[in-house]
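Novice: Top to bottom, those sequences are chains W and Z. Counting from 1, position 169 in the first sequence corresponds to residue 169 in the numbering used here; the numbering is continuous, with no gaps. Counting from 1, position 27 in the second sequence corresponds to residue 27 in the numbering used here; the numbering is continuous, with no gaps.
Just so you know, these hints were derived from the structure itself, not from any lab. Glycine included, C-beta positions come from ideal geometry on N, C-alpha and C. Treat each hint with caution, since some may be false.
What the hints assert, rightly or not - Beta-carbon label-pair distances, calculated as ranges:
hint: 1; chain 1: Z; residue 1: 90; chain 2: W; residue 2: 138; range: 48 to 58 Å
hint: 2; chain 1: W; residue 1: 134; chain 2: Z; residue 2: 146; range: 25 to 35 Å
hint: 3; chain 1: Z; residue 1: 228; chain 2: W; residue 2: 298; range: 49 to 59 Å
hint: 4; chain 1: Z; residue 1: 177; chain 2: W; residue 2: 134; range: 48 to 58 Å
hint: 5; chain 1: W; residue 1: 161; chain 2: Z; residue 2: 177; range: 53 to 63 Å
hint: 6; chain 1: Z; residue 1: 99; chain 2: W; residue 2: 69; range: 19 to 29 Å
hint: 7; chain 1: Z; residue 1: 99; chain 2: W; residue 2: 160; range: 48 to 58 Å
hint: 8; chain 1: W; residue 1: 138; chain 2: Z; residue 2: 3; range: 11 to 21 Å
hint: 9; chain 1: Z; residue 1: 159; chain 2: W; residue 2: 3; range: 34 to 44 Å
hint: 10; chain 1: W; residue 1: 221; chain 2: Z; residue 2: 165; range: 50 to 60 Å
hint: 11; chain 1: Z; residue 1: 7; chain 2: W; residue 2: 131; range: 20 to 30 Å
Unchecked claim - Covered, in the sense of this in silico footprint (three residues per stretch, anywhere, with C-beta under 8 Å from a C-beta of chain W), are these stretches of chain Z:
hint: 12; region: 110–121
hint: 13; region: 161–168
hint: 14; region: 203–209
hint: 15; region: 225–233
hint: 16; region: 241–247
Chain residues, written in single-letter form:
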Amino acid sequence: MLNFILSRLLSAAVVVIGVSSLVFFLIHLVPGDPVEVMLGESAQPADRAALRHALGLDQPVPVQLFNYFNGLLHFDLGTSLHSQRPIAEVMLERMPATLELAVAALLIAVVIAFPLGALSAVRKDTALDHGARVISLLGISIPHFWLGPLLILIFSLWLGWLPVSGREGFASLVLPALTLGTALAAILSRMVRATLLETLNEDYIRTARAKGLGEYTVVLHHALRNALLPVITVLGLQLGALLGGAIVTEMVFSWPGLGQLTIEAIHRRDYPVVQACILLISVTYVLVNTLTDLAYVWLDPRVRLHEDR
Amino acid sequence: MRLGLPLGILLLWLGMAMFGPLLDLQPDHIELSRILASPGSDAWLGYDDLGRPLWDRLVVGARTSFFVALWVVVISALMGTAIGTAGAYVGGAWDHVIVRIIDIFLAFPGILLAIAMAGLMGPGVDNVIIALSTVGRVGFARLARAQVLSIKQRLHIEAAVAMGVRHARIVIRHVLPLTLAPLIVEASFAVAGVVIAEAGLSFLGLGVQPPAASWGSIIRDGTRYMLVAPHMVLAPGIILMLVVLAVNLLGDHLRDWVDVRTRRVL
Chain W
1 MLNFILSRLL
11 SAAVVVIGVS
21 SLVFFLIHLV
31 PGDPVEVMLG
41 ESAQPADRAA
51 LRHALGLDQP
61 VPVQLFNYFN
71 GLLHFDLGTS
81 LHSQRPIAEV
91 MLERMPATLE
101 LAVAALLIAV
111 VIAFPLGALS
121 AVRKDTALDH
131 GARVISLLGI
141 SIPHFWLGPL
151 LILIFSLWLG
161 WLPVSGREGF
171 ASLVLPALTL
181 GTALAAILSR
191 MVRATLLETL
201 NEDYIRTARA
211 KGLGEYTVVL
221 HHALRNALLP
231 VITVLGLQLG
241 ALLGGAIVTE
251 MVFSWPGLGQ
261 LTIEAIHRRD
271 YPVVQACILL
281 ISVTYVLVNT
291 LTDLAYVWLD
301 PRVRLHEDR
Chain Z
1 MRLGLPLGIL
11 LLWLGMAMFG
21 PLLDLQPDHI
31 ELSRILASPG
41 SDAWLGYDDL
51 GRPLWDRLVV
61 GARTSFFVAL
71 WVVVISALMG
81 TAIGTAGAYV
91 GGAWDHVIVR
101 IIDIFLAFPG
111 ILLAIAMAGL
121 MGPGVDNVII
131 ALSTVGRVGF
141 ARLARAQVLS
151 IKQRLHIEAA
161 VAMGVRHARI
171 VIRHVLPLTL
181 APLIVEASFA
191 VAGVVIAEAG
201 LSFLGLGVQP
211 PAASWGSIIR
221 DGTRYMLVAP
231 HMVLAPGIIL
241 MLVVLAVNLL
251 GDHLRDWVDV
261 RTRRVL
C-alpha cells in the first residue's frame with residue numbers, strides 16, 4: 001500500500017518536472033525573436049536589450065532553465081510585462097473565480113448525471129432511456145463556445161432572467177457553470193448508466209432482491225454505491241476537459257478567471273503570464289489525478305486486498 | 001438505415017467543402033445595405049456584420065474545418081502510430097522514455113496545450129494544424145503502443161522472428177495491419193474532436209484570420225450582435241453540432257462493427 005502511494009507520488013513528480021520543462025521551452029515556439037515580437041519592430045535596441053535581460057533571455061539556456069526552476073521552487077513565476085506586477089500575485093487574484101466556476105460546473109454535472117444515468121439504466125430500452133441517451137449525446141457534441149452564446153441568447157437576451165456576462169453575485173454564475181457543466185454531465189451520465197447496468201447484473205443484487213428489498217433500496221444502496229468507483233476515476237480524468245473548457249467559457253462570459261487571463265496574455269504577447277497560467281493549470285490537473293488514483297485505492301477494499309496479498 | 005441521416009449530413013458537408021469553389025459563392029462580397037440582415041429571399045441565411053452572405057461564408061468555413069481536420073488526423077495518426085509502435089516493439093529503456101513523454105503530454109488538460117502553442121506561434125491555419133497534431137498524436141501513440149504490446153506476443157510474430165524475417169518487415173507486414181482497425185476508429189472520433197478544436201481556436205481568435213472564414217470565427221463575430229442578428233450565432237453552431245454529432249454517431253457504429261464481440265449476427 002505504502003509502496004503504491006510512494007510510486008504514484010514519484011511518477012507524479014516526474015510528470016510535473018516534465019510539464020514544467022515543456023512549458024519553459026514553449027517560449028521558443030514564438031517565431032523569430034520573442035523580444036522583437038513583444039516590442040514590435042520599431043523598438044529601440046536599448047529597450048530590447050533591457051527586456052531581453054529582464055526575461056533572462058540573454059543568458060545561456062542551461063542557466064535560464066536553472067533560474068526558472070529555482071524561481072518555481074520559491075513560487076516566483078516572474079513579472080508580468082503588461083502590468084509589471086508579480087505573476088503569482090496576478091494569478092492569485094484570478095484563481096477564486098476559476099475555482100468557483102469549476103466547482104459549480106462539477107456540482108451541476110453530478111446533480112444532472114446521477115439521476116439521469118441511474119434512471120436510464122433502471123429503465124433500460126424504454127422511451128425514457130432513449131431520451132436520456134439522446135440528450136447526453138447532444139451534450140457531448142455541443143461545444144462550450146456555442147452553448148454559452150446560445151444560453152445567453154435564450155436566458156439573458158430573450159427571457160431577461162440572468163445577466164449576460166461578468167461576475168457579480170450568484171445569478172451571474174448560473175449560465176457559465178451550466179455551459180461548462182453540460183458536457184461533463186453528459187459524459188458522466190453515460191458512465192453512470194454503463195457501470196450501473198453492469199453492477200445490476202451482479203450476484204449480490206440478485207441476493208438483495210431475493211431478500212425482498214425494495215427496488216429503490218437495491219438500486220440506491222447496493223448497486224449505485226459500487227458503480228461509483230469507475231465514475232470517480234472518469235471524474236478525475238474529465239477534470240482536464242473541465243479546465244480546458246473553462247478557458248473558452250470564461251472568454252464567452254467575460255468571467256475574470258485564469259482562462260480569461262491566459263487568452264488576454266496571449267493577445268497582449270505577455271508570454272511569461274501565458275507560461276505561468278499553462279503551468280498552473282496543468283500541474284493542478286496532475287495533482288488532482290494523482291489524488292483521484294490514491295482515493296480510488298482507499299475507497300475500494302478490493303484494490304487494497306490485492307495489493308497486500 | 002439508422003446510418004442514413006448521419007452519413008447524409010457528413011457527405012453533404014464534405015461535398016460542400018470539396019466542391020464549394022465550383023459553386024457561385026461570394027463569401028467576401030460586401031453588401032453595405034444588407035448588414036446584419038435576417039434570412040430572406042435574396043440570401044436564405046441572411047447577412048453578417050459586414051454585409052457578407054452568411055450561407056456562402058458557412059460553406060467556405062466547412063472547407064477550413066475539413067481541411068484542418070484532414071491534415072491534423074493524418075499527421076497525428078502517422079506520427080502517433082510510428083512513435084507508439086516504435087516504443088512497444090523495441091521495448092526496454094526506449095519504451096520507458098516514450099511512455100514518460102506520453103504521460104507528460106497527457107498532463108496538459110484538453111485543448112490547453114493547443115491554445116498555448118497556437119497562441120505563441122501566432123494565428124493562422126498552419127499553426128493551428130501544427131498545434132492540434134502535436135496534441136493529437138499522443139492519443140494515437142498510446143493506442144498504437146497498447147495494440148503492438150499485445151500483438152508482439154502472438155505466435156505468428158514469434159514464427160516470423162524464428163524464420164529470420166527482418167524487424168522492419170515484421171512491423172510493416174505482420175504487426176501494423178492488425179493495429180489498423182482500432183486506429184481507424186480512433187481517427188473517426190479524432191475528426192470530430194479536431195473540428196470542434198479548430199472552431200474553438202478560431203473562436204478565441206487564434207485560428208484563421210479575416211477575411212477567411214471558419215465556423216468558430218463566425219460564431220465569435222456573431223456573439224457581438226446576438227440581439228439584432230441571432231442567425232449569425234445560430235446557423236454556424238447548428239451546422240457544427242450536426243456535423244460533430246454525425247461523425248460521433250458514425251464512429252460509434254464503426255467501433256461496434258470493428259469489435260467482433262459486439263457485432264450483431266445479421
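Novice: Are the hints correct? Go through all of them and say.
Specialist: Taking the hints in turn, this is what the structure says about them:
no., hint, verdict
1, Z:90 <-> W:138: 48 to 58 Å, "violated, 44 Å"
2, W:134 <-> Z:146: 25 to 35 Å, "holds, 31 Å"
3, Z:228 <-> W:298: 49 to 59 Å, "holds, 55 Å"
4, Z:177 <-> W:134: 48 to 58 Å, "violated, 37 Å"
5, W:161 <-> Z:177: 53 to 63 Å, "holds, 57 Å"
6, Z:99 <-> W:69: 19 to 29 Å, "holds, 23 Å"
7, Z:99 <-> W:160: 48 to 58 Å, "holds, 53 Å"
8, W:138 <-> Z:3: 11 to 21 Å, "holds, 18 Å"
9, Z:159 <-> W:3: 34 to 44 Å, "holds, 39 Å"
10, W:221 <-> Z:165: 50 to 60 Å, "holds, 58 Å"
11, Z:7 <-> W:131: 20 to 30 Å, "holds, 23 Å"
12, 110–121, "holds (count 10)"
13, 161–168, "violated (count 0)"
14, 203–209, "holds (count 4)"
15, 225–233, "holds (count 4)"
16, 241–247, "holds (count 3)"
Checked against the numbered hints above, the structure breaks hints 1, 4 and 13 and satisfies the rest.
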